[in-house]
Amino acid sequence: MTDPFLLIAYILLFPGFLFLFAYSMTFEFLDRRIVARMQNRVGPPFFQPFADLVKTLGKEVIDPRGVDRPIFDAAPVVALAAVMTSFLYVPIIGPSPLAFQGDLVLVLYLLTLPTLALMLLGWLSRNIYAAVGGIRAVTMLFIYEVPFFLALMMPTLMAGTWSISDIMAWQEEHLCLAILQPIAFIVALIGLQAKLERTPFDIPEAETEIVAGPWTELTGRRLALMHLANETSAVVGSALIAAVFLGGLAFPWTVESAILSATVGFLLFLAKTVAILLVLSIIRAATARVRLDQLNTIGWKYLTMAALAQVGIVLVMMASGVGI
Amino acid sequence: MSVLSEMLRNLFSKPVTTRYPAERVPIPDGFRGRVGCADDRCIGCSKCSLVCPASAITMVDSPRMVEFKGRTLERKKRPSIALYQCIRCGLCERHCPADAIHLRNGQSINGSTLDEVVTCTL
Amino acid sequence: MTRIVVPIGPQHPALKEPVNFRVVTDGERIVDLELNLSYSHRGIEKAAEQRDFIRVLPLIERVCGICSHSHATVFSKGIEEIMGVEIPPRAQYIRTIIAELERMHSHMLWLGVAAHEVGFNTLFMWTWRDREAVLDTLEELSGNRVHYNMNEIGGVRLDLSPSQVEAALARMPVLEERIRAYVGMVEDEETMLTRFRGVGSLSREEALSFGAVGPTARASGVDYDVRKDDPYLVYDEIPWNVVTDTNGDVYGRTKVRIGEIAESLGIVRHCLENLPGGPIRAEAPKAAPPGEILSRYEAPRGEVAHFIRTNGTARVERVDIRTPTLANWTSVAHCLIGRPLADVPVIVAAIDPCLSCTSRITLVKSGGDLGKDAPPPNGPRGWSR
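Residue numbers (the working numbering), protein chains in the order written: chain A, 1 to 324; chain B, 1 to 122; chain C, 1 to 385.
Check the hints yourself; a few may be wrong.
With a straight-line Cα cutoff of 27 Å, these simulated DSSO-like cross-link-like pairs (lysine-lysine) come out [unchecked claim]:
hint : chain 1 : residue 1 : chain 2 : residue 2
1    : C       : Lys286    : B       : Lys77
2    : C       : Lys46     : B       : Lys47
3    : B       : Lys47     : C       : Lys286
4    : B       : Lys69     : C       : Lys286
Because the hints were derived from the structure by calculation, they are not lab data.
Okay, chain A solo, but in the shape it has when bound (with noise of 0.2 Å):
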């Protein structure tokens, strides 16, 4: 795809841009209304996140007193750029064309930024819930961000490379890494829990604590813009985790037509980020809150052990060569 304008309509059009704001509110719409539906209401209708976009964008901009209006105007789409350039380099439609050797490594650092822009909003806002949401929402990074990384790490340690497309082609090789590695992949979706900031781990924003945490004093476009930033890191974490762990677009015959392939492959990562998309509802809609001590506890004495508990039993696997 060395062709100028096909990488622009790939990185714009499809399954760039466009796609990921289309399929984000097609994920925020399911996830909407498959939690409705668990807890026996209607939910929202398809065209909702959309309308609730749409109407954010047009309301007015509210600056709190004493607030740095540049930065307070620029964390936001400085998190949402983030999310979108990270999608750039997950495989939507066969392996992704600005992949590199690191490319993992890049799009897992991309994803942190949302939530360091949260904090930045939270500590700017001149609001004590913000400020305290902010404080919460990076004390939680801290926590979940290493168990989620080692999960990730693991595929890489073993298809040997450090690019997500290529750990796509390993997998159509070999067994999906699902299945080689339950526990990093078991840790890894709850890490994405945790870092959507979801059930149980929506400490940040804990709406009857401290009202909306750094959401707080966003308004219009600000709130708009962050909002969307967190629908597409979601679609961006499952396309990531579908990628890595469940084989992405691999599927196990072989198609003729390039055309058909490619359709294929895409209808089975939109069945896949979907699948993924569910167990975050189900984990959404069936759990409390935690507080931030207990996340401690899960996050260091439990996800921390089992990842690391992976890491070895990766090892030893290699070493004996199961599975390679």
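Given chain A, work out where chains B and C should sit, using these hints.
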């Protein structure tokens, strides 16, 4: 596990939400809704206006002959109920000697205008 | 770490009614707490002095939206006692049925709110869905979902028809099954248990010394229930048990409340099945003889007490309302110190606070004792309370 099983059961069953206005919850008999007074029964005793906790009922002039317990008598007044003030406690209904004033199980529109009154309907 | 003051309320998503906590935290830990009550003083006690006994009941009922029947019953019970009127058994049974249905819907509401406070919205949706069955029953029996207005001095306003009784009984098995499901959920749901267990612990001694009432006290092992200790209506005739627990924390209070829903269901079923015939009201005089009475009642949240003074007219000279929330506030303040900030909503919610009902103005005389119940020295003044 009971939470998970119920969640999955709900996922594949119909939501309980009543989709107003397409479907409506039936209003049971005896629901204290919109207040109304039967003009041909009211004897104008003004008991309802005395017991009304919200002082929503005032008596207005309305001379007319009404039948009450087999006798025909001439009444002077009838109640006029300010819907905005009515709290639908049902005390007027309970204390009415002539069984004239009632709270019906219809939509209880409380009125957005301060001076909307129910005089004698039903 | 520097101390920060987190204001919670008077407007805050965790609070359903206005109250203000100035929480001083050291990081996430609460080191100090200041409680400001009475944001919604409505002058109900004074307004009650202006109305005769027929017109005062709908007002008294509006002290609280959830325990409306409790306030109306405790008030009419007191007045009837002063008048020396014995209300017929059928009226007593009907009052009991409404009271226990009210307790059921209140506890179900609480369970949902408590789950929501810890972010477990699924249980919140489910309990409120199932609570509709109780509210529908109440609507069918009394004509309204919240303010039943079933009481009047000397009996009840409405009779129950056989078809109503049958319809109400038909709902009971469904509710029974739901209550069993809640018991399972509360025992199973790990994340909720971690938020409830050991949170807001109140030992038996503390509960007694803070004067906690209702499920808050019973969860700490205080076996105190006005229905058992000072029986009124038909509670001494029908089979039921006081539910207590020894955990003393929010988990214990949850267990007590769920146990009480089951007990209430049993009481309602017993009363509906054994509803005696006869009149529904006794002839009560218009005016009450001069007298004073402290009428007590076990509301869903705990003991509610009305002090009533009559002066021979058809109006009360003074009515003083002590709601259970007021009795439980001090224990909340005690529980919160030293806890993480995240525990504020759940500890506050655990006593099932009903803030607007609690809003009374208390005159504190410097040098004297806290004169909550004592009238001002030169008789009741117009503006007091």
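Now for the hints, and whether the structure bears them out:
1. Taken as a hint, the Lys286 of chain C and Lys77 of chain B pair is honoured in the structure, with Cα atoms around 25 Å apart against an allowance of 27 Å.
2. With a C-alpha separation of about 25 Å, the suggested pairing of Lys46 of chain C with Lys47 of chain B holds against the 27 Å cut-off.
3. Between Lys47 of chain B and Lys286 of chain C the CA atoms are separated by roughly 14 Å; this keeps the pair inside 27 Å, and the hint holds.
4. With a CA separation close to 25 Å, the supplied pair Lys69 of chain B and Lys286 of chain C stays within the 27 Å bound.
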